[in-house]
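Residues 1 to 258, numbered by the UniProt record's numbering, are exactly what the sequence shown covers, in order.
Since the hints were made in silico from the structure, they are not lab data.
Incorrect hints may appear among the rest.
Stated by the list, open to error - Simulated DEER-style distance windows between Cβ atoms:
#1 T245 x R122: 19 to 27 Å
#2 G165 x A11: 38 to 46 Å
#3 D59 x H87: 14 to 22 Å
#4 M170 x G194: 14 to 22 Å
#5 T180 x D50: 31 to 39 Å
#6 G194 x D50: 22 to 30 Å
#7 G65 x P146: 29 to 37 Å
#8 M1 x D131: 17 to 25 Å
Glycine residues also receive a C-beta, built at the ideal position from the N, C-alpha and C atoms.
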Amino acid sequence: MIEILTSAELARARDAGALVADILQSLKARSTVGVSLLDIDRWAKEMITDAGAQSCYVDYAPSFGRGPFGHYICTAVNDAVLHGMPHDYRLADGDLLTLDLAVTLRGISADAAISFIVGDARPPESLAMIDATERALAAGIAAARPGARIGDLSHAIGSVLGDAGYAINMEFGGHGIGSTMHQDPLVANDGRPGRGYKLRPGLLLALEPWVMADTDALVTDADGWTLRSATGSRTAHSEHTIAITDDGAEILTTPTAT
1 MIEILTSAEL
11 ARARDAGALV
21 ADILQSLKAR
31 STVGVSLLDI
41 DRWAKEMITD
51 AGAQSCYVDY
61 APSFGRGPFG
71 HYICTAVNDA
81 VLHGMPHDYR
91 LADGDLLTLD
101 LAVTLRGISA
111 DAAISFIVGD
121 ARPPESLAMI
131 DATERALAAG
141 IAAARPGARI
151 GDLSHAIGSV
161 LGDAGYAINM
171 EFGGHGIGST
181 MHQDPLVAND
191 GRPGRGYKLR
201 PGLLLALEPW
211 VMADTDALVT
221 DADGWTLRSA
231 TGSRTAHSEH
241 TIAITDDGAE
251 ILTTPTAT
């Protein structure tokens, strides 16, 4: 299913996107050394509930997972990169933490992810990997405009990641979003320009470049959800929800306060 939002629905999408971005920034500030991933999940639940929104994750049960996810946010640490299930792990100085959050507010969903280093340590390789995903995300957004093809966005993302020296996994990527979290079209993190679905105003997309330091292979934890690098190397993941407009692309998951 591919949805094209009306102007009224787009206004609600802006509210959902701002909520996601604000929660992520609040959680980033609170994700200090010694904090448990379960604390982060609890804080996310409180902020989502207080805003009158619904989690996209609690009842999420796709074919690749093991039953309903049962938590309010994905928390991926170091070698974990996608669908990180919160558990009783306390953050340490230098951990690379990815927070991935999707909520539905008044019938419209928004999805975003941020990666950052916990504490005072600044491992240069980890910072470079985070920077590469952020630059790839910016390149994908810059390529998004009416008449462009999905392949144009994938090519823009993949060019940045490939030039930075990272192998690109094609199993999981970006996606359409709207009244539900995951919709068509798929936006792979690499591709050929000029191919795929033609973008139209009112289309919402969640673009999410992610990489692993020295591999493109994933392994799944015993929890049935958390995806890690097969080599145990560190990972990074950046994501925004955007709306295709008459003029280009509007980032919806921007914090209301900077």
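Here is how each hint holds up against the structure:
Against the hinted window of 19 to 27 Å, the Cβ-Cβ separation of T245 and R122 comes to about 37 Å, which falls outside the hint. In this structure the supplied range 38 to 46 Å holds for G165 paired with A11, their Cβ-Cβ distance being about 41 Å. As the Cβ distance of D59 to H87 is approximately 19 Å, the hint placing it in 14 to 22 Å holds. For M170 and G194, the hinted distance range of 14 to 22 Å is satisfied, since their beta carbons lie about 18 Å from each other.
A beta carbon spacing of about 23 Å between T180 and D50 contradicts the range 31 to 39 Å that was offered as a hint. In this structure, G194 and D50 break the distance hint of 22 to 30 Å, their C-beta atoms being roughly 45 Å apart. The hinted window of 29 to 37 Å between G65 and P146 holds, with their beta carbons roughly 34 Å apart. For M1 and D131, the hinted distance range of 17 to 25 Å is not satisfied, since their beta carbons lie about 34 Å from each other.
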